[in-house]
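Colleague: Okay, here's what each chain looks like letter by letter:
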Amino acid sequence: MEALLAQARMELLLTIRRAEGVLITLVVPAVLLVFFASLGIAPPEYARPVDFLLPGMLALAVMSTGLVSLGIRTAYERSYGVLKRLGSTPLGRGRLLGAKVISVVAVVAAEIALLLAIAAIGYDWRPGGSLLWALLALVLGTATFSSIGLLLAGTLRAETTLAAANGLYLLLLLLGGIVWPVERLPGPLGLVGLLLPSNALAEALRLSLGPQPVAPLPQLFALLLWCAGVLVLASRTFRWE
Amino acid sequence: MNEIAGTRGVRSVPQPDFAAPRVAGQAEAIVVRDLVKRYGERVAVDGLTFTIGRGEIFALLGPNGAGKTTTIEILEGYRTADEGEVRVLGLDPRRDAAELRRRIGVMLQSGGIYPTVTPIEFLDLLSHFYDEAEDPRELIRLVGLEEVARVRYRQLSGGQQRRLALAAALVGKPELLFLDEPTTGMDPQARRLTWSLVSSLRERGITVLLTTHFMEEAERLADRVAIIDHGRLVALATPQELTHSETDEVQFTGPAGLDVTALRSLPSALDAREAQPGRYVIHTKRPADLLSELTTWARDAGVLLVEIRVGHESLEEVFLRLTGHELRE
Numbered sequence: 001m002e003a004l005l006a007q008a009r010m011e012l013l014l015t016i017r018r019a020e021g022v023l024i025t026l027v028v029p030a031v032l033l034v035f036f037a038s039l040g041i042a043p044p045e046y047a048r049p050v051d052f053l054l055p056g057m058l059a060l061a062v063m064s065t066g067l068v069s070l071g072i073r074t075a076y077e078r079s080y081g082v083l084k085r086l087g088s089t090p091l092g093r094g095r096l097l098g099a100k101v102i103s104v105v106a107v108v109a110a111e112i113a114l115l116l117a118i119a120a121i122g123y124d125w126r127p128g129g130s131l132l133w134a135l136l137a138l139v140l141g142t143a144t145f146s147s148i149g150l151l152l153a154g155t156l157r158a159e160t161t162l163a164a165a166n167g168l169y170l171l172l173l174l175l176g177g178i179v180w181p182v183e184r185l186p187g188p189l190g191l192v193g194l195l196l197p198s199n200a201l202a203e204a205l206r207l208s209l210g211p212q213p214v215a216p217l218p219q220l221f222a223l224l225l226w227c228a229g230v231l232v233l234a235s236r237t238f239r240w241e
Numbered sequence: 001m002n003e004i005a006g007t008r009g010v011r012s013v014p015q016p017d018f019a020a021p022r023v024a025g026q027a028e029a030i031v032v033r034d035l036v037k038r039y040g041e042r043v044a045v046d047g048l049t050f051t052i053g054r055g056e057i058f059a060l061l062g063p064n065g066a067g068k069t070t071t072i073e074i075l076e077g078y079r080t081a082d083e084g085e086v087r088v089l090g091l092d093p094r095r096d097a098a099e100l101r102r103r104i105g106v107m108l109q110s111g112g113i114y115p116t117v118t119p120i121e122f123l124d125l126l127s128h129f130y131d132e133a134e135d136p137r138e139l140i141r142l143v144g145l146e147e148v149a150r151v152r153y154r155q156l157s158g159g160q161q162r163r164l165a166l167a168a169a170l171v172g173k174p175e176l177l178f179l180d181e182p183t184t185g186m187d188p189q190a191r192r193l194t195w196s197l198v199s200s201l202r203e204r205g206i207t208v209l210l211t212t213h214f215m216e217e218a219e220r221l222a223d224r225v226a227i228i229d230h231g232r233l234v235a236l237a238t239p240q241e242l243t244h245s246e247t248d249e250v251q252f253t254g255p256a257g258l259d260v261t262a263l264r265s266l267p268s269a270l271d272a273r274e275a276q277p278g279r280y281v282i283h284t285k286r287p288a289d290l291l292s293e294l295t296t297w298a299r300d301a302g303v304l305l306v307e308i309r310v311g312h313e314s315l316e317e318v319f320l321r322l323t324g325h326e327l328r329e
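For the record, the sequence lines run as chains D and P.
The UniProt record's numbering applies: residue 1 is where the first sequence begins, and numbers increase by one.
The UniProt record's numbering applies: residue 1 is where the second sequence begins, and numbers increase by one.
FYI, nobody ran anything at the bench for these hints, they're computed from the structure.
Here a beta-carbon is modelled for each residue, glycine too, at the ideal position from N, C-alpha and C.
Hints are supplied without guarantee of correctness; some may be wrong.
Unchecked claim - DMTMM-like cross-link-like pairs, simulated, lysine to aspartate or glutamate; straight-line CA separation at most 25 angstroms: (1) P:LYS285 - P:GLU219; (2) D:LYS84 - P:ASP92; (3) P:LYS173 - P:GLU121; (4) D:LYS84 - P:GLU316; (5) D:LYS84 - P:GLU219; (6) D:LYS84 - P:GLU85; (7) D:LYS84 - P:ASP96; (8) D:LYS84 - D:GLU241; (9) P:LYS285 - P:GLU316; (10) P:LYS173 - D:GLU2; (11) D:LYS84 - P:ASP131.
What the hints assert, rightly or not - Derived Cβ-Cβ restraints for the label pairs, each shown as a range: (12) P:THR80 - D:VAL101: 42 to 48 angstroms; (13) P:GLN155 - D:VAL232: 38 to 44 angstroms; (14) D:GLY187 - P:GLY158: 56 to 62 angstroms; (15) D:THR160 - P:THR80: 26 to 32 angstroms.
Chain D with its partners taken away, still in its complex shape (with noise of 0.2 angstroms):
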């Protein structure tokens, strides 16, 4: 047990030191929830564009640090040797992995925060909806955008993985139905963005903070499917040097 908060705290602090990683994860989501909710930018069917944003954006905080910045830095740590030095002391493989879990999830709980914070104080953003439902998209979101990045990070090369993290997050960004929904892309575009795990994140979150909150069946288990598939997938190619 110690071993492993000691490790966490390190990953923490390894977090903290890249400093383009804290822009991506924390100052992105923010600024993108302030720069829309502000110009009003939303969907007609949304009475108020933070409550279209909002969901997204927790999307996107989550993209960021599961699939940016877990990746990556897994990645790095990988091709320093990192993974193999810790891999023979008693911390074990294990928990190392823990460890990372741990350190994700905090991220994740203090970006949610952040972002609620600013819908809350900045556009008059009051909780509703089924908490729960949305609690439960935002950890099998965690879950899966945590293994798509170390999928990557298992794999590529580090400096592949840099450019493979933000060039899909990116992509998941614009069409995965984080700031615009997918049904007003066009055509092949909106399908392409319909299978995409983001969307299945943002959607969850929207149905489940909504005003009249619907149980995102359908959404949670598209999550599922990629969370499951991913999580394979990672785990018999991932390489510890």
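Mind docking chain P on chain D? Use the hints.
Modeller: Frame of chain D; chain P shown alone:
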């Protein structure tokens, strides 16, 4: 470099002695038997056999690509053997990995440390992984990193980074220490510090397996040296046994470009070569005879020889004679 010339000296090194020095009541720290490891077509380790006793400092010496790192990483549990048997502290490095990790210390050949973390932070982290750990501050002092204890790893010099890796290997108070090229990249001062540190581990009864391509390092530190080349054991003995063999060497300085074929044909010469321009090395089993032959030849050839020195072979020369090539290429 100069190719070794003429007939190579008869192998006078004692035959590999696979039994480690016996210490009453203690089992071997490491047993390696008929170890084979292939990477595709390439055979990295080709039937290696040796035993390391508890408390022994044992050096694997060989050029790059000889199979040193592959061997040490099989013992550390990072790789699996294709054939043969290995036991570390009586355990199987793969199956008993969890138990072994508590009892061994590992210094990788490179890397292994977060670039944005300071020495004190990294050692402090590791100290939480072990039931009984060294004090990080004490380790920092031991390896002489006090002044950079709070400087991030990536800003340390190559030698400082290696010393931190060494300190990190010691955190868990290991019974057995694996050091893969511990002093590569160190300046002479840091190297001497490391040598005295490793020597001091002997008093604590820690077993050390180190790889190196520095002859002096093996000679200074190791109780026994295994010379390996192309994944095979070429010789295994104490440094004294390896160097104080029946073969002596005569070195002298003269004009550059002397006729080495003529030197080689001296009756008592086993071989001859120009090690550096103007610096010659001849091996012999009869140094006194060779000296008189050499001076006669020099007088007849009208050549002035200076700084003639007779001595035992250095480990470097032993290596060259046994494998036919230089250690550092």
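Colleague: Note whether the CB distance of GLY187 (chain D) and GLY158 (chain P) lies within 56 to 62 angstroms or breaks it.
Modeller: Given about 57 angstroms between the Cβ atoms, the range holds.
Colleague: Does the alpha-carbon distance linking LYS84 (chain D) and ASP131 (chain P) stay inside the 25 angstroms limit?
Modeller: Roughly 21 angstroms separates the two Cα atoms, so the pair holds.
Colleague: If you draw a straight line from the CA of LYS84 (chain D) to the CA of GLU85 (chain P), is it 25 angstroms or shorter?
Modeller: Holds, because 23 angstroms separates the two Cα atoms, which is no more than 25 angstroms.
Colleague: Take the C-alpha atoms of LYS84 (chain D) and ASP92 (chain P), compute the straight-line distance between them, and say whether it is at most 25 angstroms.
Modeller: Cα-Cα ~19 angstroms, so holds.
Colleague: So if I understand the rule, the pair passes when the alpha-carbon distance is 25 angstroms or less; does LYS285 (chain P) with GLU316 (chain P) pass?
Modeller: holds, 18 angstroms
Colleague: Taken at face value, is the distance from the CA of ASP96 (chain P) to the CA of LYS84 (chain D) at most 25 angstroms?
Modeller: At roughly 17 angstroms apart (the allowed maximum being 25 angstroms), ASP96 (chain P) and LYS84 (chain D) satisfy the hint.
Colleague: Are THR80 (chain P) and VAL101 (chain D) spaced within 42 to 48 angstroms by their CB atoms?
Modeller: violated, 28 angstroms
Colleague: Taking the CB of GLN155 (chain P) and the CB of VAL232 (chain D), does the distance hold inside 38 to 44 angstroms?
Modeller: Cβ of GLN155 (chain P) to Cβ of VAL232 (chain D): about 41 angstroms, so the range 38 to 44 angstroms holds.
Colleague: Take the C-alpha atoms of LYS84 (chain D) and GLU316 (chain P), compute the straight-line distance between them, and say whether it is at most 25 angstroms.
Modeller: violated, 33 angstroms
Colleague: Holds or violated: LYS84 (chain D) with GLU241 (chain D), Cα cutoff 25 angstroms?
Modeller: Given that 25 angstroms is the threshold and the Cα spacing comes to 6 angstroms, the pair holds.
Colleague: Given the proposed pairing of LYS84 (chain D) with GLU219 (chain P), does the C-alpha separation stay at or below 25 angstroms?
Modeller: violated, 30 angstroms
Colleague: Can the restraint linking LYS173 (chain P) and GLU2 (chain D) be considered satisfied, given a maximum Cα separation of 25 angstroms?
Modeller: Holds - the C-alpha atoms of GLU2 (chain D) and LYS173 (chain P) are around 18 angstroms apart, at most 25 angstroms.
Going through the hint list in order, the structure does not satisfy hints 4, 5, 12.
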